[in-house]
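Undergrad: Listed here are the chains, written in short residue letters.
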Amino acid sequence: MQLPAELKYTDTHEWLRQEGDGTVTVGITWHAQDRLGDLVYVENPVRGKAFRKGEECGVVESVKAAADIYAPISGEVVAVNDELTGSPEKINQEPYQAWMFKLKPSDPSELQTLLDAAAYQKLIEAESH
Amino acid sequence: MSTADLKRTPLFEEHRRANARMVDFAGWEMPVHYGSQIEEHHHVRRDAGIFDVSHMLVIDLEGEAAKEFLRGALANDVARLKLPGQALYSCLLNESGGVLDDLIVYGLSPERLRLVVNAATAQKDLAWLTALRDRFARAIEVRPRRDLAMIAIQGPAARARFWEVRKPARAATSALKTFEGVALAGQFVARTGYTGEDGFEVMSSADEIVALWRDLRGAGVAACGLGARDTLRLEAGMNLYGQDMDESVTPMESGLGWSVDLSSEREFVGRQALLASPPHNRLAGLLLLDKGVLRSHQLVRTGHGEGSVTSGGFSPTLGRSIALARVPLRVALGDGVEVHVRDKWLAAKVVKYPFARMGKILIELAPT
Numbered sequence: 001m002q003l004p005a006e007l008k009y010t011d012t013h014e015w016l017r018q019e020g021d022g023t024v025t026v027g028i029t030w031h032a033q034d035r036l037g038d039l040v041y042v043e044n045p046v047r048g049k050a051f052r053k054g055e056e057c058g059v060v061e062s063v064k065a066a067a068d069i070y071a072p073i074s075g076e077v078v079a080v081n082d083e084l085t086g087s088p089e090k091i092n093q094e095p096y097q098a099w100m101f102k103l104k105p106s107d108p109s110e111l112q113t114l115l116d117a118a119a120y121q122k123l124i125e126a127e128s129h
Numbered sequence: 001m002s003t004a005d006l007k008r009t010p011l012f013e014e015h016r017r018a019n020a021r022m023v024d025f026a027g028w029e030m031p032v033h034y035g036s037q038i039e040e041h042h043h044v045r046r047d048a049g050i051f052d053v054s055h056m057l058v059i060d061l062e063g064e065a066a067k068e069f070l071r072g073a074l075a076n077d078v079a080r081l082k083l084p085g086q087a088l089y090s091c092l093l094n095e096s097g098g099v100l101d102d103l104i105v106y107g108l109s110p111e112r113l114r115l116v117v118n119a120a121t122a123q124k125d126l127a128w129l130t131a132l133r134d135r136f137a138r139a140i141e142v143r144p145r146r147d148l149a150m151i152a153i154q155g156p157a158a159r160a161r162f163w164e165v166r167k168p169a170r171a172a173t174s175a176l177k178t179f180e181g182v183a184l185a186g187q188f189v190a191r192t193g194y195t196g197e198d199g200f201e202v203m204s205s206a207d208e209i210v211a212l213w214r215d216l217r218g219a220g221v222a223a224c225g226l227g228a229r230d231t232l233r234l235e236a237g238m239n240l241y242g243q244d245m246d247e248s249v250t251p252m253e254s255g256l257g258w259s260v261d262l263s264s265e266r267e268f269v270g271r272q273a274l275l276a277s278p279p280h281n282r283l284a285g286l287l288l289l290d291k292g293v294l295r296s297h298q299l300v301r302t303g304h305g306e307g308s309v310t311s312g313g314f315s316p317t318l319g320r321s322i323a324l325a326r327v328p329l330r331v332a333l334g335d336g337v338e339v340h341v342r343d344k345w346l347a348a349k350v351v352k353y354p355f356a357r358m359g360k361i362l363i364e365l366a367p368t
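If you read the sequences in order, they're chains A and B. The first sequence begins at 1 in this note's numbering and counts up by one. The second sequence begins at 1 in this note's numbering and counts up by one.
Simulated from the structure, these hints should not be mistaken for lab results. Computed from a predicted model, the values in this text were never measured in an experiment. The reader is advised that the hints may include incorrect statements.
[Stated by the list, open to error] When the alpha-carbon atoms are kept at most 20 Å apart in a straight line, the in silico SDA-like pairs for lysine to any residue are as follows:
1) K64/A to Y241/B
2) K64/A to Y34/B
3) K64/A to E29/B
4) K291/B to N81/A
5) K53/A to S87/A
6) K344/B to K53/A
7) K49/A to G22/A
8) K82/B to S109/B
[Claimed, not checked] Simulated restraints, written as ranges between beta carbons of each label pair:
9) D34/A to R8/B: 42 to 52 Å
10) G334/B to T85/A: 49 to 59 Å
11) E247/B to E55/A: 43 to 53 Å
12) G334/B to K122/A: 32 to 42 Å
13) D24/B to D11/A: 39 to 49 Å
Glycine included, each C-beta is placed from N, C-alpha and C at the ideal position.
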């Protein structure tokens with residue numbers, strides 16, 4: 001259960017990667033896809049739409065359940081991964097490569113509020129007890 | 001309930017070693033998948049897969065009056081079982097015509113019939129049959145066979161794979177038609193299943209079943225869990241007790257009227273109630289037209305009133321969401337309906353089911 005150390009995490013099981021150009025890339029964690037099971041639909045946010053930190057911005061649906069995706073920080077959606085429409089199972093297979101969308105942050109200070117790998121690890125350990 | 005309280009089948013260690021994701025199913029610790037339930041589903045429709053179904057209960061009824069007894073206890077008529085090994089599907093009803101369980105009954109011999117009942121209702125069924133026996137047919141023995149374990153091997157290649165690892169069984173089992181079984185040296189092999197594909201269900205001692213599982217796995221047959229079992233049976237249009245029917249509904253309201261034999265004067269538990277009250281609703285197949293997944297209990301809005309989804313899910317073979325739903329009687333094939341999915345009303349169509357069987361999609365899929 002690899003938790004990439006360079007990523008940041010939310011307590012709603014999204015991961016975030018800071019890119020060189022100032023944008024951030026967002027996906028869901030191994031733990032999230034493991035709990036959901038095989039994914040069958042991914043509803044990404046629409047390009048150009050802006051979200052506040054913590055706002056519902058998408059949905060993933062699995063054979064078992066549906067789960068909301070929350071914007072880890074405030075920003076505008078600048079890209080979405082269209083590959084996931086036809087192949088949602090990519091998220092199950094490579095959760096840290098199968099990114100969902102990219103944001104242009106409107107308030108970079110919010111990045112400090114995210115969890116690092118160690119803190120996220122503690123969170124999921126606590127959840128399983 | 002801690003996992004320490006859950007029952008385990010003889011195949012538990014096999015599942016653990018295969019890294020199965022285990023869940024509590026009717027008080028049993030069972031594998032829901034071994035990695036991907038969608039992959040397992042495809043294996044069964046395209047090739048072959050094996051399922052541990054040892055959680056279900058085999059009940060043998062023995063005695064001269066066993067057949068007569070079951071004619072009075074079951075909604076389908078066991079008089080139809082003419083040759084040894086023939087089987088049929090039946091509901092077990094209460095006095096109000098409500099469904100206590102659904103089961104398969106095999107005629108092993110004129111004085112021995114075998115029932116296979118659901119895990120969740122096993123205790124209830126045993127108590128019910130024993131009480132009926134005490135009232136009507138003292139000389140019959142009602143024997144729960146907890147000594148037996150069971151595997152289902154399902155798929156177009158299932159029978160061939162079974163014969164690969166059990167060559168001596170081929171002669172006796174190759175002529176079996178569907179819904180027929182045969183006893184061979186401690187094993188009972190039947191051409192039945194819950195997937196809509198060809199295959200066998202094999203009942204035997206724990207040791208034999210573990211050996212058979214290992215041999216089939218060794219021959220490369222995919223292990224499949226309850227997740228795939230559920231998507232396969234839903235595609236095949238097969239009911240799940242507890243979801244598609246329960247004691248509060250009759251077989252006619254559950255798409256199972258065909259399994260109730262009213263063609264003779266035969267008295268059976270529930271007959272009077274069924275004849276006295278016609279059904280108010282029926283079970284229909286739904287195909288979701290919008291994106292999303294239909295799930296149990298979602299409200300259905302039709303042109304004739306409201307209904308609800310009994311079993312819903314994503315169909316890997318169709319690549320779409322399908323469901324069985326209890327809807328007002330007048331709802332017809334082709335009707336457009338709306339289903340309340342996650343705070344939105346999504347469009348669905350009433351379709352004939354089964355949705356898919358024998359590797360083929362059976363319904364017309366409109367482009368999304």
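Undergrad: Decide, hint by hint, whether the structure agrees.
TA: We went through each hint and held it up to the structure:
1. K64/A to Y241/B: Judged against 20 Å, a Cα distance of about 19 Å means the pair holds.
2. K64/A to Y34/B: holds, 15 Å
3. K64/A to E29/B: holds, 18 Å
4. K291/B to N81/A: holds, 18 Å
5. K53/A to S87/A: With Cα atoms ~27 Å apart, K53/A and S87/A exceed 20 Å; violated.
6. K344/B to K53/A: violated, 24 Å
7. K49/A to G22/A: holds, 18 Å
8. K82/B to S109/B: Since the Cα atoms of K82/B and S109/B sit roughly 10 Å apart, the hinted pair holds (cutoff 20 Å).
9. D34/A to R8/B: 42 to 52 Å: Violated, at about 23 Å.
10. G334/B to T85/A: 49 to 59 Å: violated, 29 Å
11. E247/B to E55/A: 43 to 53 Å: holds, 45 Å
12. G334/B to K122/A: 32 to 42 Å: Since the Cβ atoms of G334/B and K122/A sit about 55 Å apart, the hinted range of 32 to 42 Å is violated.
13. D24/B to D11/A: 39 to 49 Å: violated, 27 Å
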